Amino acid sequence: MEMKSVKNLSRRATVALYILIAAFLVCIGSLVRVGLIHGEEYKLKAEQNQLLDTKISAERGTIYDSNMNILAKSASAWLVYINPSKITTEEQRTLVTQILCETLGLDEETVTEKTKKQANYVKIAGEVEEEKKVVISDFIKAHSKQKLSTIIGLDPDTKRYYPYSSFASSIIGFVNSDDIGTGGIEKTYNDELTGVSGRIVTAKNARQKAMSSEYEMTYDAQQGANLVLTIDEVIQYYLEQSLDQALQDTGAKYAYGIIMDVDSGAILAMTSKPDFDLNNPNVISNPAVAQEIEEILDEGEKDEAVLNAKFSQWRNRTVSDTYEPGSVFKTIVVSAALEENVVDLNTTYTCVGGIQVANNYQKCWKNGGHGTETLTQGLMNSCNPFFITIGQKLGKDKFFKYFEAFGFTERTGIDLPAEASPVANVTYHALDSMGIAELSSSSFGQTFQVSPIQMITAVSAIANGGKLMKPYVVDSVLDADGNIIQKTSPTVKRQVISEKTASTVANMMEQVVSIGTGKNAYVAGYHVAGKTGTSEKMGKEGAYIASFAGFAPAYNPKISVLIAIDEPPGAHGGGAVAAPIAGEVLEKVLAYLNIEPQYEDSEMKNISSTAPALTGKTVAQAKSLASGYILKIVGSGEEIKSQSPSSGTQIRAGGVIVLYTDDETPKQTATVPNFVNMTMSQANSVAVNSGFNIRFAGTTNANEVVSYKQSVAAGEQAELGSVITVYFKSNVNVQDA
Amino acid sequence: MATNKYNMYNGIDFSDFEPRPSSYERNAARKIATAPAKRRAPQRPQLEIVRAPKRTSSQARNEMRRTSLQTAKILSVAVLLIAMLATLLYGRLKADELDREISSLNTKLEAAQSENVRLNMEIESVISLKNVEDYAQSQLGMVKMEANQIEYIDLSGDDVVTLSGDKTVHKKVGSRTVTVMEYIGK
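Chains as they are written, first to last, in our numbering: chain Y, 83 to 819; chain A, 3 to 188.
The following block holds chain A by itself, in its conformation from the complex (with noise of 0.2 Å):
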């Protein structure tokens, strides 16, 4: 079978597919001419060993401290990054919990609210017009009001301004300004 996989390739010229001869090979006036000679593989160049030069016990100490100062901004950053999750974590747990917390008193609120709705209604039913007039008939002994014990009073008549006569505060004053005045005059 598998020689009959590669057999179905036997009408296909792969030559066509084979790599095309070089210029030289194909220029018909340079096939006299020899081609040139083939590169010869580079050599690998030996590896040399440079020397670091010799530090001062100051630049190492530069140097250390350059470093110690970049570790700790490393530590900074990342201390910051790390406060700053952690912040942020809280802050979603504390936003979590209060809204939990507003859930449960929404709960409880609604349930007050009911609560005070029937509370309310229980009342309403123990002071309803029966239970008021059976108490204060049976027990405060009240007998109900008649029509004739009402008098009515008879308002359809005009507003009237009734004046006091001279007996007025103004008139007093006035009439003692007066005198006053009448004796300074003299």
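Next comes chain Y alone, as it looks inside the complex (with noise of 0.2 Å):
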């Protein structure tokens, strides 16, 4: 019996012991599963009910031209959000409704549409700036009993600021809704701009609300680096203003144009026309595109007219598009003819009209031929047989050889998005595959392809000596201090020809400007080297491109411009359509870049001389001091009262020039006539006939030149003696395809 309990006691005691090792092993799971697989998450889970955890946006870094001058930047905004499901009422919705629209000029029919959405948080817009705000937060206050403050929410946000709207629209790129880089330099460098977040960690306390600033740790956001472009703005600009004229004189479709440093490779200058507005770029900016897609009935028809209408303003065309150089290139075919010894100056050439190619008969732009020409004169006149020659006489290897090292088999690697990428046997011939046809067609520059960017960079490479350079847009990167912490060196890919053969070419490219087909570039006081093309752009009978490309001053280049307009609808030679473009932006841009103009006797002749102080004078001392003008005298006093022209002012030796000898009689005016489509002589008579004065611009140094454009359109009322410009350009020998 004793033995008996003694035994049960054990046993009892045996599963007591089971009993608590089986606990004790339950403990130690339930530890191992809480601190260790769990661990992060609970972890995470005690903090998130411990901490408030605030985020600190980044600022984005600010985007400078090479002046300093400011091109993208940003500052802290809002985004206004509403919760419809706290919407119980028509006059909640009514009141949302009406303060939204009202303040962010939103369509009432679209906000509508968001109260009535089974949501609780549905955007209504983003980058709203704080004048704004206020006047909502106001209006919710004043509204307190109808409890809007549950219905409109707003968040902190960024809006990215550029102030000069389209200005170099298609470098800069823009920001989507998250501040991310979408286009361009905004793209390329999102990382070096975006930053570092910072965060405020505080302690909560038993309402869920932030504890006092000792149980707060702050983690400053880093602001993003700062950007410094090679772009001047004032050459930004003079380019842009160009090609918007020329959209709007030739009727093209696009229009684009690159300035390049010739010897770092930098970028001065690009644009592609027409553009975009950088605060809105989801908005259409040509009216005639945006008409047109208005008018499209379908929605799914008008959606992707749309998108394709955005894609294509935001393209920037001189790096992501291909085109034909067609005569362009001849300087391309000439430099590795006259390196590899082919050819010299003293090669010539007799042009009958055309050329036997295999089985066909190409043709010379020129009917009846150029007949016996120099080397020299092939490149002036463009001639496409003399080319051809040339390009046979070189062979497919060295021609092949040449065209690799130029650069036209690969990118340039520019710090730009979306960079056209060569494909063999696509964009190019490879060199398996050319036969003598396509041989003698890439020798004029027809059936393949390159990108602006990649012409410009090969035209540059004649111009400092033959070394091909990297092209490149952003010169240094700055953090918010200022301070550089990458500076971008201009990097030579390779020596491409000798600093002879260069030289010998850009001498060529220079007679081509002064008496060729590029004539229209010609600059007074400059010696300005290029070549003009034009092609039929593949797959589009009747499209054209014409383009020049070139450089100046000729003997000591320091720029280089490639100018290209897309599909004008009327006259399409580069040298009648581009080259004249390529000559106004010229002028302007050595002129700021302070480049000394030697002007030979010929120019000085149509160098406008300047009007003579008369205001002060008498009347008949003004007759004395200026008898080389004409003279027009208003009022009955003594003494000149005023004058237009004022003194200083450029005019040529003839001008009229206005004297008022009191101050009661208002300023004379006249009608500005058509100067358009007339000669030098007859502009200037019918200047000086209608008592204003005429400026020449343009060609100049040929006589067949006539006006084609004025700088105050014809029928406006203007102040006599006042000086309208009148450009020139020659329509004679300028064409080269």
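Worth flagging that the hints you see were computed from the coordinates, not collected in a lab. Keep in mind it's a predicted model, so treat the numbers as computed, not measured. Glycine included, every Cβ here is placed at the ideal spot set by N, Cα and C. A hint or two may mislead.
Here are the simulated DSBU-like cross-link-like pairs (lysine-lysine), alpha carbons at most 30 Å apart as the crow flies [to be verified]:
| # | chain 1 | residue 1 | chain 2 | residue 2 |
| --- | --- | --- | --- | --- |
| 1 | Y | 286 | A | 96 |
| 2 | Y | 791 | A | 132 |
| 3 | A | 96 | Y | 640 |
Listed next, with one range per pair, are the computed distances between beta-carbon atoms [stated by the list, open to error]:
| # | chain 1 | residue 1 | chain 2 | residue 2 | range |
| --- | --- | --- | --- | --- | --- |
| 4 | A | 101 | Y | 237 | 31 to 37 Å |
| 5 | Y | 100 | A | 101 | 35 to 41 Å |
| 6 | Y | 625 | A | 115 | 28 to 34 Å |
| 7 | A | 147 | Y | 512 | 51 to 57 Å |
Build the complex: two chains, separate frames, hints provided.
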């Protein structure tokens, strides 16, 4: 009996021990689960419960031009949202719609629809400025009875400002609603510009409110880096101004241009027109396109058209598009041929109007041919059979060697997104598949495509003594305090041709502009070197691209320029359409860069003189001082009170000066006559007879030039004596295709 | 059921748990000896009333003074403690208030900074090259300077020092001094 009870006790003790061990194991297991397996999760939950974590957005870096003018800058703003689930009455809906539409300029129907959504969070608008936020906040406070504070919410946001709207839009790019760069520099340098967000971690009290600052830990946001571009605001402005005008004058579909520093490869200006407003990138900037889209009835088709129009206006055609370079490419062929001693300056060729290539007869653009011509004349005349012959003499191996060396088979590596990638046998003829026909057509710049940035980089190599540079648009990266943290050094990719060859080709190109097909790019006082080009767009009959690529000053090149006019409806020759624009741009840019002009005697005669200072003089004195001018005296006084044009203004000798002898007589005005399609002497005589002064611009070194535009439109009223700039160009021997 | 509960202890000898007999009972030699008489329960002592000694009036006064002094001390400490507590609370309140103020000012500063950026950008857009050129030409009647109007100065040569011959102040002063010295020396 006793033994039994002892056994019983022992069994029970064992059971109890097992239970204890099991409980202990459960405890250990729980500890492992909570501490090790789900440790992080519980830690996070605890932190969430105990800590208040507020994100501090890092300010996006600023973008400057090369003169430290701000091109893009960010500032804090607000995001307005609504909680439609809290709208219980129609009165609330009306008030919400009213304030949001009035303040943010939104469509009433759209906002009303949003208020009817079954959601807790519906974004209304981002990038709302402080001023508008205050209006909304005050409205919410004023309608506290309607509990609008539970419906309308405001979250911190940032807004990117682009002060010059569409200026340099294809280079700068823009950011999306999440402040991420989606084009141009904003995209390429998004990581540098973004910075690192900061945090404020605060302990929460029992009511889930932040405790005082002693329980607060702040991790400051690191502002994004600032970028200094190689783009010069003034040069960019000149380029854009001229291309805008070109689009207007020619009615072309697109116009694009690049100006490059030939020694470093730095891009000084780059544009692709029509462009878009950086502050409203989603708005179709071209009114004609917007109107066309508006007229589309099918919603799906309309959406697609809108999308295409947006992508089209955002596209940087100088980098992302390819085109047939046409005769501009002849500069590359002649460089290769001279470098390989296949030809020299004394080489002659007799153009009879065409050449047989395999089974095809390739015609020269000039009916009847150019006759016998030297190498320089061949380039000046842009003679296709001559260049076919040079290409054939060079052979496909050497041709391709230089095609590759000038960088046409690879991307330039410019720091801009979406650079067109050359594809063998698609955009150009690979060496293996190059036959005599391909070699011949390629020799005068047809049947293959290059991007404008590739072309200007190659032309710059001729200008700088044969070095192929890597183009770039960001000069340096600065930290928030303005210290340079990264500086772009010019990169020489390779020496393509010798300095001697480069210099020879530069001289030949100077002749092209002085007396050849590029004469419309002539700038008085400067020697410009260049080559015109005309090419039919692949797969689009009747659509042409007129282009000009060159550099200046020809004997000590500083800058290169490429102008392309895409699909001009009328005249489409590079010499007639693109070269005058290049001349206009170069004239302004060279003066801006303080490159001293060297006028020749023939140029001096066309340079205007300055109006003498006649104010304060008597009428008799004025007549004596300005004997070489036509004086028109207004008023009955004896002393000159004012004059038009004012002293120092550039006017031609024999121009008109209007003298006012009293202060009461109003300024005399007249209707501006039409100066277009006149010779220089005709225009001058019309101007003098109308009481205006004339300034000659554009090509003025040839006799056959005619005016093609004027600074003040015909029919407008202008003050007598004022100076009207009339632009001239030659239409003789400027064809190149 | 209750009986069963107790029956489960049937196998246990409860005598083991009973109190052991005293040493007298267990000692065989003393079994014959009479056990000592059991002690009588002690009687409660009678309470005595002690009368406090009679105090003199001066003693009473002193005692009262001491008591009031002690009370005053306690009160002072209490007041001090309350004051300290109040100061602490006020300090905390003030700190909270300043925190809120800092936070509010920071918000205002941020708003002002963003407004500053906005206005600067507006100014920049107003004075863009295009607008300036348009205004200069259309409103002020200005004409752009041409390249041939610029006069370039050649500074590429070496620096040159040009002496003004004998007409220097030093020489003039020097010659006058010599004249004066000569005059004195005469």
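Hints and how they fare:
Between the alpha carbons of residue 286(Y) and residue 96(A) the distance comes to roughly 19 Å, so the proposed pair stays at or under 30 Å and holds. The hinted pair formed by residue 791(Y) and residue 132(A) meets the criterion: a straight-line CA distance of about 20 Å does not exceed 30 Å. At most 30 Å may separate the alpha-carbon atoms for a hinted pair to count; residue 96(A) and residue 640(Y) exceed this at roughly 67 Å. For residue 101(A) and residue 237(Y), the hinted distance range of 31 to 37 Å is not satisfied, since their beta carbons lie about 23 Å from each other.
Taking 35 to 41 Å as the suggested C-beta distance range, the pair residue 100(Y) and residue 101(A) does not conform, at roughly 58 Å. In this structure, residue 625(Y) and residue 115(A) break the distance hint of 28 to 34 Å, their C-beta atoms being roughly 51 Å apart. In this structure the supplied range 51 to 57 Å holds for residue 147(A) paired with residue 512(Y), their Cβ-Cβ distance being about 52 Å.
Checked against the numbered hints above, the structure breaks hints 3, 4, 5 and 6 and satisfies the rest.
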